[in-house]
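Protein chains: 4
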Amino acid sequence: MMARGINKVILIGNLGQDPEVKYMPSGNAVTNLTLATSDTWKDKQTGQPQERTEWHRVVFFNRLAEIAGEYLRKGSKVYIEGALRTRKWQDQSGQDRYTTEIVASEMQMLDSRGGEGGGGNQGGYAGNQDPMGYGQQPQQQASRPAPQQSRPQNQPAPQQQPAQPAPGFDDFDDDIPF
Amino acid sequence: MMARGINKVILIGNLGQDPEVKYMPSGNAVTNLTLATSDTWKDKQTGQPQERTEWHRVVFFNRLAEIAGEYLRKGSKVYIEGALRTRKWQDQSGQDRYTTEIVASEMQMLDSRGGEGGGGNQGGYAGNQDPMGYGQQPQQQASRPAPQQSRPQNQPAPQQQPAQPAPGFDDFDDDIPF
Amino acid sequence: MMARGINKVILIGNLGQDPEVKYMPSGNAVTNLTLATSDTWKDKQTGQPQERTEWHRVVFFNRLAEIAGEYLRKGSKVYIEGALRTRKWQDQSGQDRYTTEIVASEMQMLDSRGGEGGGGNQGGYAGNQDPMGYGQQPQQQASRPAPQQSRPQNQPAPQQQPAQPAPGFDDFDDDIPF
Amino acid sequence: MMARGINKVILIGNLGQDPEVKYMPSGNAVTNLTLATSDTWKDKQTGQPQERTEWHRVVFFNRLAEIAGEYLRKGSKVYIEGALRTRKWQDQSGQDRYTTEIVASEMQMLDSRGGEGGGGNQGGYAGNQDPMGYGQQPQQQASRPAPQQSRPQNQPAPQQQPAQPAPGFDDFDDDIPF
DNA sequence: TTTT
DNA sequence: TTTT
Numbered sequence: 001m002m003a004r005g006i007n008k009v010i011l012i013g014n015l016g017q018d019p020e021v022k023y024m025p026s027g028n029a030v031t032n033l034t035l036a037t038s039d040t041w042k043d044k045q046t047g048q049p050q051e052r053t054e055w056h057r058v059v060f061f062n063r064l065a066e067i068a069g070e071y072l073r074k075g076s077k078v079y080i081e082g083a084l085r086t087r088k089w090q091d092q093s094g095q096d097r098y099t100t101e102i103v104a105s106e107m108q109m110l111d112s113r114g115g116e117g118g119g120g121n122q123g124g125y126a127g128n129q130d131p132m133g134y135g136q137q138p139q140q141q142a143s144r145p146a147p148q149q150s151r152p153q154n155q156p157a158p159q160q161q162p163a164q165p166a167p168g169f170d171d172f173d174d175d176i177p178f
Numbered sequence: 001m002m003a004r005g006i007n008k009v010i011l012i013g014n015l016g017q018d019p020e021v022k023y024m025p026s027g028n029a030v031t032n033l034t035l036a037t038s039d040t041w042k043d044k045q046t047g048q049p050q051e052r053t054e055w056h057r058v059v060f061f062n063r064l065a066e067i068a069g070e071y072l073r074k075g076s077k078v079y080i081e082g083a084l085r086t087r088k089w090q091d092q093s094g095q096d097r098y099t100t101e102i103v104a105s106e107m108q109m110l111d112s113r114g115g116e117g118g119g120g121n122q123g124g125y126a127g128n129q130d131p132m133g134y135g136q137q138p139q140q141q142a143s144r145p146a147p148q149q150s151r152p153q154n155q156p157a158p159q160q161q162p163a164q165p166a167p168g169f170d171d172f173d174d175d176i177p178f
Numbered sequence: 001m002m003a004r005g006i007n008k009v010i011l012i013g014n015l016g017q018d019p020e021v022k023y024m025p026s027g028n029a030v031t032n033l034t035l036a037t038s039d040t041w042k043d044k045q046t047g048q049p050q051e052r053t054e055w056h057r058v059v060f061f062n063r064l065a066e067i068a069g070e071y072l073r074k075g076s077k078v079y080i081e082g083a084l085r086t087r088k089w090q091d092q093s094g095q096d097r098y099t100t101e102i103v104a105s106e107m108q109m110l111d112s113r114g115g116e117g118g119g120g121n122q123g124g125y126a127g128n129q130d131p132m133g134y135g136q137q138p139q140q141q142a143s144r145p146a147p148q149q150s151r152p153q154n155q156p157a158p159q160q161q162p163a164q165p166a167p168g169f170d171d172f173d174d175d176i177p178f
Numbered sequence: 001m002m003a004r005g006i007n008k009v010i011l012i013g014n015l016g017q018d019p020e021v022k023y024m025p026s027g028n029a030v031t032n033l034t035l036a037t038s039d040t041w042k043d044k045q046t047g048q049p050q051e052r053t054e055w056h057r058v059v060f061f062n063r064l065a066e067i068a069g070e071y072l073r074k075g076s077k078v079y080i081e082g083a084l085r086t087r088k089w090q091d092q093s094g095q096d097r098y099t100t101e102i103v104a105s106e107m108q109m110l111d112s113r114g115g116e117g118g119g120g121n122q123g124g125y126a127g128n129q130d131p132m133g134y135g136q137q138p139q140q141q142a143s144r145p146a147p148q149q150s151r152p153q154n155q156p157a158p159q160q161q162p163a164q165p166a167p168g169f170d171d172f173d174d175d176i177p178f
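Protein sequences, first through last, are from chains A, B, C and D.
Each step along the first sequence adds one to the number in full-length UniProt numbering, with nothing skipped, and position 148 is 148.
Each step along the second sequence adds one to the number in full-length UniProt numbering, with nothing skipped, and position 139 is 139.
Each step along the third sequence adds one to the number in full-length UniProt numbering, with nothing skipped, and position 3 is 3.
Each step along the fourth sequence adds one to the number in full-length UniProt numbering, with nothing skipped, and position 115 is 115.
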């Protein structure tokens, strides 16, 4: 993918609910979640502390969707990097409506509360190259065993998800954003 | 302002229209604009190039609103840093609707096409301290003249803007996001 | 502060040691710490997992320096936003040398392991305005008490720090970066 | 590549010189350049405007190195995203020294001053998938022709670059950072 | 020197 | 509605 311009979002927050994993007819995973960030400030007049929680709608695709679905839970603190995308959809009365989401391209768990042994950072692509140029340096003879597979084994069969429209595109929004 | 979590957006794009500057009853400026970023990719099946433009709704407050209103124009390329905020509002039928915007905290013009002599980077706050600690070093005797005031002089009087509701909160969305 | 260009660093990592807090003759705090981030990849030839840890030198000034010194400890996981700055200094043989640091402007603790009750996000400036424009909305009558002061009370008197040169500028580097 | 932690740099600045392109024995390109960002502020005492230019050393690998070498020139304004990496090397007296660089993973030209017709944004990897999930939507029938190849054709033969050590690792620093 |  |  190429781009004209930069469209980048960086979030650290906590999940409001367990993530929802769905599968495309193709078998590709799509995971949706909501993430809370909050701002606090003092009211200018009263000096009273104020707080506002912002809820972000985040969507993951493919491998990252599976990882998010497996390792994230309600309350999890997570770093997410992605891009803004506003989708157009029709409500039940046929009116055009818009929902803005963050399409995640990178994710990193920030708490290891679960006992999954999982977590870690999961980039959006499986680069087994050496983008930092470290391989140019004298080889460090790594002798430790290959890491445990952190990618979910149980890739659900698409047919378990009956021929529903692609989640996040057709049926996702019943009425309001979340 | 303090925060729990990180809510950060970084955009580089072009303005779809001239910015709209409004003034609060307090006299504070609020500027709204839409910014285009685009992605291009090749269709997996056909190999045909695809393009999708993302339109971002950006809002500026106070000093930054005035600067944006003065120096940005339709087509301007700009760097914007800010935070996501989703506002709830009611459409004409009384239904709840939501609009997601980027509340800009920093802006930097990336083309100097206009003859304004303006541009430059405009942080969201007027820090006249020395956040980088440069002042600790031996003073460089700056002998060049004080920079031209880049802040618009003509702060419009609030009364010129009749008692309208706060823009971007009440009257901003007539119907659809943009 | 204004800028031509963007100079932004975003780090999430763990402290290698407790932070070092020093005080300027003016009484302003300066805190230095090192932060680890790491990359892992597989060797192209052997398929062996490789790991490389990057050590970042971070410096905080003023209020943020005090907060960092109070709440961060060896091993703490932290989000840091800042800017790159390369300082020139002379080693004992009089040779010019350079050290690149991140001057932190924002910090957020990501683990609450300590019992300090502290943490939270600490922006680099004490904005008690309303940069997100929330104050425009109907006032939420916050009735909870004012938050505990998270800023250290015990501002050390400068004279407790004998007339030493500014840390991080003169005496900081004895020989090598860290 | 996976990561524990986040190590991200975002720069917008101007090149101090034309980029230097070298080739690894493998034929892979490595491009080095220096990028200027600047801060301006007012001296607290004198009120005099101060300015400090920060010079960033940026390194590109592989495809991005070729693009940078072809399209960027002294004075070019560019957006760069990457990661910090501090390299250790020995000066002529055998002393350990360190240089911090930004390893670029994404680049976007911000001026189209050259007549190359090139530029555009060049991500660090050639994703021809559909990371934003747009392909799920009804196909927009793109009828415009395939874009001009923006990747340099003239991949220089490695043998033109005699068996020199990897640039940026051995021979890059003659003495001081830049 | 951290972390998993 | 922008831009290349």
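Honestly, the hints are just simulated from the structure, not real lab data.
Be careful, since some hints might not be right.
[Said to hold, decoys possible] Not close to chain D: a few residues of chain B, all C-beta gaps over 10 Å, as computed:
| id | residue |
| --- | --- |
| 1 | 77 |
| 2 | 93 |
| 3 | 108 |
| 4 | 130 |
[As the list claims (entries may be wrong)] Derived PhoX-like pairs (lysine-lysine); straight-line CA-CA distance at most 20 Å:
| id | chain 1 | residue 1 | chain 2 | residue 2 |
| --- | --- | --- | --- | --- |
| 5 | B | 22 | B | 74 |
| 6 | A | 88 | B | 88 |
| 7 | C | 77 | A | 77 |
| 8 | D | 88 | D | 44 |
| 9 | C | 74 | C | 22 |
| 10 | D | 22 | B | 77 |
| 11 | C | 88 | D | 88 |
| 12 | A | 44 | A | 77 |
All residues carry an ideal CB built from backbone N, CA and C; glycine is no exception.
Outcome of the hint check:
no. : hint           : verdict
1   : 77             : 7 Å, violated
2   : 93             : 27 Å, holds
3   : 108            : 7 Å, violated
4   : 130            : 6 Å, violated
5   : 22/B with 74/B : 17 Å, holds
6   : 88/A with 88/B : 17 Å, holds
7   : 77/C with 77/A : 12 Å, holds
8   : 88/D with 44/D : 38 Å, violated
9   : 74/C with 22/C : 17 Å, holds
10  : 22/D with 77/B : 32 Å, violated
11  : 88/C with 88/D : 17 Å, holds
12  : 44/A with 77/A : 31 Å, violated
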